[in-house]
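**Q** Below, each chain spelled out in residue letters.
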Amino acid sequence: MTASQIIGQILSGISRGMILFLISSGLTLIFSVMNILNFAHASFWLLGAYLTWTFWQILYSPNFGLWISIPLASLTMAAIGWIIEVWLVRRVYERPLTEQLLLTYGLALVIGDVIKLTWGVADRIVPKPKVVSGLMSIFGAPLPTYNLMVIILGVLVALGLWWLFYKTMFGRKVRASVFSREMISALGVPIHRIYAGVFVLSVFIAALAGGMQAPLSSITYGMDSTVIVECFCVMVIGGFGSLLGALVGSLTVGLIYAFAIMFVPRMALFLIFIVTIIILIVRPWGLFGTPMRV
Amino acid sequence: METPYKEMASVPILEVRELKKSFNGFEAISNLSYKLDPGELSAIIGPNGAGKTTLFNLVTGFHKVDSGTIFFKGKDITGLPLHVISRLGIARAFQVSNIYPTLTTYENVRQAIISQQGKTLNFYTPASRLAISQTVEILESCGVAAQANVLAGRLSQGDKKRLELAIALGTKPDLLLLDEPTAGMSGEETKEIMELVQRLNQEKYLTILFTEHDMSVVFGYARRLTVLHQGTMIADGTPEEVRINERVQTVYLGGEV
Amino acid sequence: MEDKARTLRSRWWLSLIIALSIVPPMVIGSFWIQVLTEILILGMFAISFNLIFGLMGQISFGQGAYYALGAYTTALMLTKTSMAFPLCMVAPIVVSGICALIFGFFIVRLTGIYFAILSLAFAQLVHSVIFQWYDFTGGDNGIQGIPSPILLKNPFWNYYFTLVIVSAALIVMWFITKSSFGYTMRAIRDNSNRTGFVGVNVRKHMLINFAIAGMFAGLGGSLWAVFNHSVSPDLANWTHSGVPIFMTIIGGPSYFLGPLVGSIIYTLLFVFVTPFTEYWPLIIGTLIIFIVLFFSGGIVGTLELKIRPE
Numbered sequence: 001m002t003a004s005q006i007i008g009q010i011l012s013g014i015s016r017g018m019i020l021f022l023i024s025s026g027l028t029l030i031f032s033v034m035n036i037l038n039f040a041h042a043s044f045w046l047l048g049a050y051l052t053w054t055f056w057q058i059l060y061s062p063n064f065g066l067w068i069s070i071p072l073a074s075l076t077m078a079a080i081g082w083i084i085e086v087w088l089v090r091r092v093y094e095r096p097l098t099e100q101l102l103l104t105y106g107l108a109l110v111i112g113d114v115i116k117l118t119w120g121v122a123d124r125i126v127p128k129p130k131v132v133s134g135l136m137s138i139f140g141a142p143l144p145t146y147n148l149m150v151i152i153l154g155v156l157v158a159l160g161l162w163w164l165f166y167k168t169m170f171g172r173k174v175r176a177s178v179f180s181r182e183m184i185s186a187l188g189v190p191i192h193r194i195y196a197g198v199f200v201l202s203v204f205i206a207a208l209a210g211g212m213q214a215p216l217s218s219i220t221y222g223m224d225s226t227v228i229v230e231c232f233c234v235m236v237i238g239g240f241g242s243l244l245g246a247l248v249g250s251l252t253v254g255l256i257y258a259f260a261i262m263f264v265p266r267m268a269l270f271l272i273f274i275v276t277i278i279i280l281i282v283r284p285w286g287l288f289g290t291p292m293r294v
Numbered sequence: 001m002e003t004p005y006k007e008m009a010s011v012p013i014l015e016v017r018e019l020k021k022s023f024n025g026f027e028a029i030s031n032l033s034y035k036l037d038p039g040e041l042s043a044i045i046g047p048n049g050a051g052k053t054t055l056f057n058l059v060t061g062f063h064k065v066d067s068g069t070i071f072f073k074g075k076d077i078t079g080l081p082l083h084v085i086s087r088l089g090i091a092r093a094f095q096v097s098n099i100y101p102t103l104t105t106y107e108n109v110r111q112a113i114i115s116q117q118g119k120t121l122n123f124y125t126p127a128s129r130l131a132i133s134q135t136v137e138i139l140e141s142c143g144v145a146a147q148a149n150v151l152a153g154r155l156s157q158g159d160k161k162r163l164e165l166a167i168a169l170g171t172k173p174d175l176l177l178l179d180e181p182t183a184g185m186s187g188e189e190t191k192e193i194m195e196l197v198q199r200l201n202q203e204k205y206l207t208i209l210f211t212e213h214d215m216s217v218v219f220g221y222a223r224r225l226t227v228l229h230q231g232t233m234i235a236d237g238t239p240e241e242v243r244i245n246e247r248v249q250t251v252y253l254g255g256e257v
Numbered sequence: 001m002e003d004k005a006r007t008l009r010s011r012w013w014l015s016l017i018i019a020l021s022i023v024p025p026m027v028i029g030s031f032w033i034q035v036l037t038e039i040l041i042l043g044m045f046a047i048s049f050n051l052i053f054g055l056m057g058q059i060s061f062g063q064g065a066y067y068a069l070g071a072y073t074t075a076l077m078l079t080k081t082s083m084a085f086p087l088c089m090v091a092p093i094v095v096s097g098i099c100a101l102i103f104g105f106f107i108v109r110l111t112g113i114y115f116a117i118l119s120l121a122f123a124q125l126v127h128s129v130i131f132q133w134y135d136f137t138g139g140d141n142g143i144q145g146i147p148s149p150i151l152l153k154n155p156f157w158n159y160y161f162t163l164v165i166v167s168a169a170l171i172v173m174w175f176i177t178k179s180s181f182g183y184t185m186r187a188i189r190d191n192s193n194r195t196g197f198v199g200v201n202v203r204k205h206m207l208i209n210f211a212i213a214g215m216f217a218g219l220g221g222s223l224w225a226v227f228n229h230s231v232s233p234d235l236a237n238w239t240h241s242g243v244p245i246f247m248t249i250i251g252g253p254s255y256f257l258g259p260l261v262g263s264i265i266y267t268l269l270f271v272f273v274t275p276f277t278e279y280w281p282l283i284i285g286t287l288i289i290f291i292v293l294f295f296s297g298g299i300v301g302t303l304e305l306k307i308r309p310e
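Chains as they are written, first to last, in the working numbering: chain B, 1 to 294; chain Z, 1 to 257; chain H, 1 to 310.
Just so you know, these hints were derived from the structure itself, not from any lab.
All C-beta atoms, glycine included, are put in the ideal place defined by N, C-alpha and C.
Each hint should be verified, as a subset may be incorrect.
Simulated coverage check for chain Z against chain H, where a stretch passes if three residues somewhere in it have a Cβ under 8 Å from a Cβ of chain H [unchecked claim]:
| no. | stretch |
| --- | --- |
| 1 | 90 to 99 |
| 2 | 115 to 121 |
| 3 | 127 to 139 |
In isolation and in its complexed conformation, chain B is listed as follows:
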């Protein structure tokens, strides 16, 4: 095990973690603000990946195709997310936990099959744009440039979210509604618009991650059901109400995965679950969550 191999694994783990963060951030937001655990969130991610592939197919431009496809797919998904929030999710905010879980679970099943219906079960591949398809050397370790871009994007989104929730009016309203829904309604703030906004934003980011995922590895039907479980693990480790927790949790899971794949490849998922279980036993509210939420 050379130093550069270790660094290479760390970087690979970080870029995997960043994709997980993009998906988990939305999951965390939806949970914090609306108290809904969205089983379908990884399905949004996968749908975003497939849409990116389709747009790329239509545009077919090796240099620019992806740069346009990804935002296009993300915006399309944002629109779809908005429709889903208004027509489906909105109706279960007041309902008991099982019904909320089942609704998003049913949604995950539906989206998964819609993907199968539209794109079939064959792997889809999107090549990386020429500009970022090379290798870079980070601390002596080779890292695909694209992966670095993913990492940078993750950091940018994290910073963007921090700015949004701590420096803007919208963000303040969202944080206030997390604290007390009744008070916010009473003050005349349109709760439904805030919830819709949070949902749409979360779906947008997940779709963005999906678009970024497409060139990273081939995309297949069924990826969403493994990824959503990893995202739950991220939320447990990081803490359910915390974006910072989502970031730390995602990187943790990404790194565990990267190193496990190297030494004990068959135990990679197993290790992630063990860590998740340990956290749930010892500190159920996660690294950054608040104890009251248990």
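Given the coordinates of chain B, assemble chains Z and H onto it according to the supplied hints.
**A** Here is chains Z and H on its own, set in the frame of chain B:
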């Protein structure tokens, strides 16, 4: 568990010594010592935040004390879990009805009785065959026998309070802690409940300690009154003695007392 | 008067159910007999889930783990050992019960969403162990060609075998729900706080209930191994754990046999839909969404309201 009155008379039924309890830096109980003799019908009053509910939470074992000791019938019960203390003979009725809404009134009371009898790990005997006479007796003594088959969630507020009391009685306590038993009740209902409380105290040797904001109830029924303020006791004695206590008058700003 | 009418109606329904479960296999074909068998097994699985959900008020998203453990125990014992068949049916109950006891010890310290997620995590753990342990469990391929006693190789007799075992299990579970333990579960569901105050060790009772549910799930898995002659790691996956939840919600969690009704609807739907389309998740997903949005209380609950609106 009903201990004969004579045996109990020598030892205080409840004694707390130098209790301390803080929550997140806020000292809810600071160095409280208090004694309650068997057969008493006593009240604890104090402004909100004085520590009344916290005291009840500590005595019943719902919260752990930071320091100090609690004795029940002479036995040290500090640190014992909630359910163990309940089985030893301390019951509590809550201010906001803490009942089982999807069970009937009858089933609510029966559940308390079965729990106290330790029969909750019986997997085969239909529960409907257990504790029939005891359940009926308690339902009747609390005045909710007519609502026996009504779902508890559908009871009127007054009946819920009565059921609340019935559940507490179901555990055959020697000491009953009542959290504002007449809160939200009309004058008529208040009289009914407090007369019931008095009957329980006199006929069943049940030691009762209650908190109240309604001073007429306190002066009408309590034989002893303790005043808490900011986690400590500032007065203790008969209601008349406490009424003329200067410190108490200052604390209440000459209002209710 | 009303009570008598109610008991009479229940007796009528019960007779109908008994008739419906005994008679049809004598007149229908082998395929449909197998459908009925599957309905029974999954129905029992769902009712065992409902011990945790409807009776105790928590959602376990990981009952598939105990089902799978039961299935694999039977499968391994039947394929790799020559132990007597009855032992191969009893051992899985012990295995899944012990596992439920161990996992449950940690799970019952939580409630609500955390209970659900921890139960899910433990199930995924079991799934990944079964999936990866190729040498022992056959990994991804599962275990095929599970032998069963000659008589049971005939779907007709296997059905009655399953019926007897499931009926016995249902009777036991029914008694449990009617016992003081069952009412203690309802008390914990309604108000676990107060239940502690009346002298019940809530966690201990929840753990025992969780173990019981796990044992019956294991029994279901065991029956499945005998019926299906093969097992796969998918049985432990969270997607499979969703099946008893669907069935319970479809049928209605407030009624003891509600989940069985859900099993009938779900399984028959599956049987009718899958020959025509491979998009079963789409159909069932839409159905679930539909039911959640418009049929709170399940099919049985909605029917009850229509018959006797209160």
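**Q** Please check whether the stretch 115 to 121 of chain Z has three or more residues whose CB lies within less than 8 Å of a CB on chain H.
**A** Result for this restraint: holds, n = 6.
**Q** Mind checking, does the stretch 127 to 139 of chain Z have 3 or more residues with a CB under 8 Å from chain H?
**A** n = 3 at 8 Å, threshold three: holds.
**Q** With a cut-off of 8 Å between beta carbons, are at least three residues of the stretch 90 to 99 of chain Z near chain H?
**A** Held - the stretch 90 to 99 of chain Z has 5 residues with a Cβ nearer than 8 Å to chain H, which meets the minimum of three.
Violated hints are absent here; each numbered hint is respected by the structure.
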